[in-house]
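Those protein sequences? They're chains A and B, same order as listed.
Under this note's numbering, the first residue of the first sequence is numbered 1, with each subsequent residue one higher.
Under this note's numbering, the first residue of the second sequence is numbered 1, with each subsequent residue one higher.
Wrong hints could be hidden among the right ones.
[To be verified] In silico negatives: residues of chain A with every beta carbon more than 12 Å from chain B:
{"id": "1", "residue": "Arg147"}
{"id": "2", "residue": "Gly234"}
{"id": "3", "residue": "Val281"}
{"id": "4", "residue": "Ala311"}
[What the hints assert, rightly or not] Using C-beta positions, here's what the derived DEER-type ranges look like:
{"id": "5", "chain 1": "A", "residue 1": "Gly285", "chain 2": "B", "residue 2": "Gly102", "range": "54 to 62 Å"}
{"id": "6", "chain 1": "B", "residue 1": "Gln268", "chain 2": "A", "residue 2": "Ser245", "range": "32 to 40 Å"}
{"id": "7", "chain 1": "A", "residue 1": "Pro66", "chain 2": "B", "residue 2": "Asp6", "range": "45 to 53 Å"}
{"id": "8", "chain 1": "B", "residue 1": "Glu346", "chain 2": "A", "residue 2": "Gly280", "range": "52 to 60 Å"}
{"id": "9", "chain 1": "B", "residue 1": "Gln269", "chain 2": "A", "residue 2": "Arg390", "range": "18 to 26 Å"}
{"id": "10", "chain 1": "B", "residue 1": "Glu346", "chain 2": "A", "residue 2": "Gly393", "range": "45 to 53 Å"}
{"id": "11", "chain 1": "B", "residue 1": "Pro348", "chain 2": "A", "residue 2": "Trp28", "range": "37 to 45 Å"}
[To be verified] The following residues of chain B were derived to be distant from chain A, with all beta-carbon distances above 12 Å:
{"id": "12", "residue": "Leu20"}
{"id": "13", "residue": "Tyr299"}
{"id": "14", "residue": "Gly339"}
{"id": "15", "residue": "Gly340"}
{"id": "16", "residue": "Ala374"}
In short, the hints are calculated from the structure, not lab data.
Quick caveat: nothing in here was measured; it's all calculated off a predicted structure.
Idealized CB from N, CA, C, for every residue including glycine.
In case you want the letters, here they are:
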Amino acid sequence: MDLRDSPTDAAFRQELRNWLQAHVPDDWKRQRRHPFGGHVEPGEEPILRQWQSELQQGGWAGISWPQEYGGRGATVTQRLIFDEEMARAAAPPLLNFAAIEIFGPTLMMWGTPEQKQAHLPRILSGEEIWCQGYSEPDAGSDLASLRTRAAEDGDAFVVDGQKIWSSFAHLSDWCFALVRTDPASVKHAGLTLLIIDMRSPGITVRPIVNICGAHDFNEVFFEAVRVPKANAIGPLNDGWRVANSSLGFERSGLGFFFAAAYHRYFQELVDMGRRMAEQGVPSLGRGTVRQKLARVYAQLTMLRLNNARLATRIGRGETPGAEASTGRLFSSLISQEMMDLAMELQGPHSMLAGEGGIDDGYWQYAFLRTRANTIAGGTAEIQRNIIAERILGLPRGR
Amino acid sequence: MNFELDEAQRMLQESAREFLAGYKAKAAEPEHGAPVPTALPADMWRTMVEAGWPGINIPEQWGGAGYGLTELMVIVQEMGRALVPGPFLSTALSVECLKAGGNTGLQERWLPAVAAGHAALTLALLDAGGDWSPGAVRCQAFPAGDGYRLQGVKRFVTDPAAADAIIVAARLYEESAGPSGGVGLFLVERGAGGMLVDVQAALDPARSIGTVSLHNVRVPAAARLQAGDAAPLLEQTLSQARAVLAAEMVGGMERALELTVAYAKERQQFGRPIGSFQAIQHRCADMLVQLEGARSAAYYAVLAVDQGLASAHAAAAMAKAYCSTAFRQLTASAIQVHGGIGFTWEHPIHLYYRRAQTVEPLFGGADDMWETVAGWVIDRGDVALEAW
Numbered sequence: 001m002d003l004r005d006s007p008t009d010a011a012f013r014q015e016l017r018n019w020l021q022a023h024v025p026d027d028w029k030r031q032r033r034h035p036f037g038g039h040v041e042p043g044e045e046p047i048l049r050q051w052q053s054e055l056q057q058g059g060w061a062g063i064s065w066p067q068e069y070g071g072r073g074a075t076v077t078q079r080l081i082f083d084e085e086m087a088r089a090a091a092p093p094l095l096n097f098a099a100i101e102i103f104g105p106t107l108m109m110w111g112t113p114e115q116k117q118a119h120l121p122r123i124l125s126g127e128e129i130w131c132q133g134y135s136e137p138d139a140g141s142d143l144a145s146l147r148t149r150a151a152e153d154g155d156a157f158v159v160d161g162q163k164i165w166s167s168f169a170h171l172s173d174w175c176f177a178l179v180r181t182d183p184a185s186v187k188h189a190g191l192t193l194l195i196i197d198m199r200s201p202g203i204t205v206r207p208i209v210n211i212c213g214a215h216d217f218n219e220v221f222f223e224a225v226r227v228p229k230a231n232a233i234g235p236l237n238d239g240w241r242v243a244n245s246s247l248g249f250e251r252s253g254l255g256f257f258f259a260a261a262y263h264r265y266f267q268e269l270v271d272m273g274r275r276m277a278e279q280g281v282p283s284l285g286r287g288t289v290r291q292k293l294a295r296v297y298a299q300l301t302m303l304r305l306n307n308a309r310l311a312t313r314i315g316r317g318e319t320p321g322a323e324a325s326t327g328r329l330f331s332s333l334i335s336q337e338m339m340d341l342a343m344e345l346q347g348p349h350s351m352l353a354g355e356g357g358i359d360d361g362y363w364q365y366a367f368l369r370t371r372a373n374t375i376a377g378g379t380a381e382i383q384r385n386i387i388a389e390r391i392l393g394l395p396r397g398r
Numbered sequence: 001m002n003f004e005l006d007e008a009q010r011m012l013q014e015s016a017r018e019f020l021a022g023y024k025a026k027a028a029e030p031e032h033g034a035p036v037p038t039a040l041p042a043d044m045w046r047t048m049v050e051a052g053w054p055g056i057n058i059p060e061q062w063g064g065a066g067y068g069l070t071e072l073m074v075i076v077q078e079m080g081r082a083l084v085p086g087p088f089l090s091t092a093l094s095v096e097c098l099k100a101g102g103n104t105g106l107q108e109r110w111l112p113a114v115a116a117g118h119a120a121l122t123l124a125l126l127d128a129g130g131d132w133s134p135g136a137v138r139c140q141a142f143p144a145g146d147g148y149r150l151q152g153v154k155r156f157v158t159d160p161a162a163a164d165a166i167i168v169a170a171r172l173y174e175e176s177a178g179p180s181g182g183v184g185l186f187l188v189e190r191g192a193g194g195m196l197v198d199v200q201a202a203l204d205p206a207r208s209i210g211t212v213s214l215h216n217v218r219v220p221a222a223a224r225l226q227a228g229d230a231a232p233l234l235e236q237t238l239s240q241a242r243a244v245l246a247a248e249m250v251g252g253m254e255r256a257l258e259l260t261v262a263y264a265k266e267r268q269q270f271g272r273p274i275g276s277f278q279a280i281q282h283r284c285a286d287m288l289v290q291l292e293g294a295r296s297a298a299y300y301a302v303l304a305v306d307q308g309l310a311s312a313h314a315a316a317a318m319a320k321a322y323c324s325t326a327f328r329q330l331t332a333s334a335i336q337v338h339g340g341i342g343f344t345w346e347h348p349i350h351l352y353y354r355r356a357q358t359v360e361p362l363f364g365g366a367d368d369m370w371e372t373v374a375g376w377v378i379d380r381g382d383v384a385l386e387a388w
């Protein structure tokens, strides 16, 4: 066993590192940004659009995509390296995350040549920003029970319904949505994956403020929205199967995205702890706190190592083992433990938020924000059900 | 990026697992609550010798298989899975210490015998208290003639009665002055005058534990493993022990989870298998998360110690701490899922629980191990995504 980079991978890492050194915007580097992603301050949108465009020009957007679609066909190991270096450089996040990681691959698998040509390049460049329209007020964990309908009318669908938790819908040009095209169907049957132009008449985006006081996600209302039939991705009424190729990705153990970034937050956490100690808050000297820090560090390391095992298996052409399925759950729990600890390290200062707080309330934001990590993209309870049923083979409980 | 067992290691693992599946861990009926230890059947030991296991980490020049810590880890993990008793692990760790010590006389005397399955060894490192570190060694070594005189009581020694020779850690003393500051490691043969071995009744019937008392035990100069201060060698040996023990724990965790899942699928109540109830499902899922993290931690500890990475001692401490905590929690959960039957002597699940409790303090308890990791993390300048 060997964790060192191969010569090819070492060259890849160095190339990226050099590029990031030259391209991460200076004003971005200086300011501490909101951790755990999924947040765009009003003034940040132009910076992030520009960043996405620069990444694509440098050949660093969608590196896992096949080369024929503008990616690098990067290996899983290179993907790990990419996420590590992005975290090391504290680079801005990718605005088009949902499209690059979820919708893009789905489109590659199921789209017509016209659909691919129309959208894939623009996803990479950031010309088209995409949001996901899956969950509904009555369809969260039980997504298959969704009710937004798309009725056939000539060469179009007429879409009526409501989506919720749609991140960045307020900034998005396009939405990939799961809708019910067979009115007589229930559950998984009769759904279609439909792409909808967000400028279509009849669409209303209403912001939802989260517990951090930030606006990231939205309700999206569809009132008699006409969508060309050509916007269906994959077969009609087979959308559940089509979408699950993306949902599998989102819920998979590819906590690649998180392991590296979490290490950076951890470094910041230790630095903050030292500063608190200098201010007379004794937490970092306490055995109990030191042990908690050690435990968080251990789990972060294990998460990273689990990824290394997964990358090794995939690189060898083997089926991923159990370590693949535990990543999402493991990383979400670690993030919460880490930010609970952040509060402890601050002693009574943990009561302060906003600009009067330590690091302008960065840690209070993170503390609140991590509650979503065990809810979004598949709740911890659903993760455990999936692990129990699909990996351990326990009988379905319904 | 290569962080899984290779083809040969996997084959070793499969064959070891298959072979050891023939060993059924159980403890003989207790008279007064303390389990009676079971011994490894002689024919099983013979097969292991034939397969080259005792010499797995012994260089070929001494009749061994010439493999390293990773192959040792693979075997020990499978032994942990089956709760195989016997001095195999104690011996293998002692072999590592002998190899690194560089005393060729001792190596020639013992390594071929170990490889042939004729000799067992063990380490006697701990004095009173729970601090395994070199700084806490209190047993005394005085110069005597052209050798040494050892005086002290070593505690929680694994397999002390089975060992043909014991590596004892003692602080070096000048005869008329105080301690010279350094630590010495001495190989003391069974039957040495003044050495008393006392095996103690233990919570885990699959691992023999005892005390080794040394009353003016005379050893020749040639019995000293290494000239100078052996504290770094002792630290190295402790880290190897922690890393390999972490793998033993992973084996135990795997089996405990397997038994649990099998039971949950089979046991029916309220007209359905209990494994279909969410509380049981969620408990098992959490057990799997712990197991996979523990596995990575153990692999990394062995790799780091084997390759002498800067993180080696921290990695070994981390694996020991995490795996022991996870093992205890997992086996407690395992008993819980088994319900009433999990609380019977007859069902083997309690043996894994006992193993989990007793492996925790060995070679460094979790509290001390976490503090070692904390020191690595907090007191260094930079922990951000270090290269491995």
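Here is what the structure says about each hint:
For Arg147 of chain A, the requirement that its beta carbon stay farther than 12 Å from each beta carbon of chain B is met, with the minimum near 26 Å. The beta carbon of Gly234 of chain A is kept farther than 12 Å from every beta carbon of chain B, the shortest such distance being approximately 31 Å. Interface exclusion of Val281 of chain A from chain B stands, the closest Cβ pair being 14 Å apart, more than 12 Å. Listed as outside the interface, Ala311 of chain A is inconsistent with that label: its C-beta sits roughly 5 Å from the nearest C-beta of chain B, within the 12 Å cut-off.
Take Gly285 of chain A and Gly102 of chain B: their Cβ atoms lie about 41 Å apart, and the range 54 to 62 Å is violated. A C-beta distance of roughly 36 Å is found between Gln268 of chain B and Ser245 of chain A, which places it inside the suggested range of 32 to 40 Å. Here the CB-CB span from Pro66 of chain A to Asp6 of chain B is close to 29 Å, at odds with the stated 45 to 53 Å. Checked against the given bound of 52 to 60 Å, the beta carbons of Glu346 of chain B and Gly280 of chain A, roughly 58 Å apart, stay inside it.
Checked against the hint of 18 to 26 Å, the pair Gln269 of chain B and Arg390 of chain A passes, with Cβ atoms roughly 23 Å apart. The given range of 45 to 53 Å is broken by Glu346 of chain B and Gly393 of chain A, whose C-beta atoms sit roughly 26 Å from each other. The beta-carbon spacing between Pro348 of chain B and Trp28 of chain A, approximately 58 Å, falls outside the hinted interval of 37 to 45 Å. The claim that Leu20 of chain B is not at the interface with chain A holds, since no C-beta of that chain comes within 12 Å of its own (minimum 21 Å).
Distance to chain A contradicts Tyr299 of chain B as a non-interface residue, since its nearest Cβ pair spans about 6 Å, not more than 12 Å. Listed as outside the interface, Gly339 of chain B is consistent with that label: its C-beta sits roughly 16 Å from the nearest C-beta of chain A, beyond the 12 Å cut-off. Taking the minimum C-beta to C-beta distance to chain A, about 20 Å, the non-interface status of Gly340 of chain B holds against the 12 Å cut. Not every CB of chain A lies more than 12 Å from the CB of Ala374 of chain B, the least distance being 4 Å, so the non-interface label is violated.
When each numbered hint is compared with the structure, violations occur for hints 4, 5, 7, 10, 11, 13, 16.
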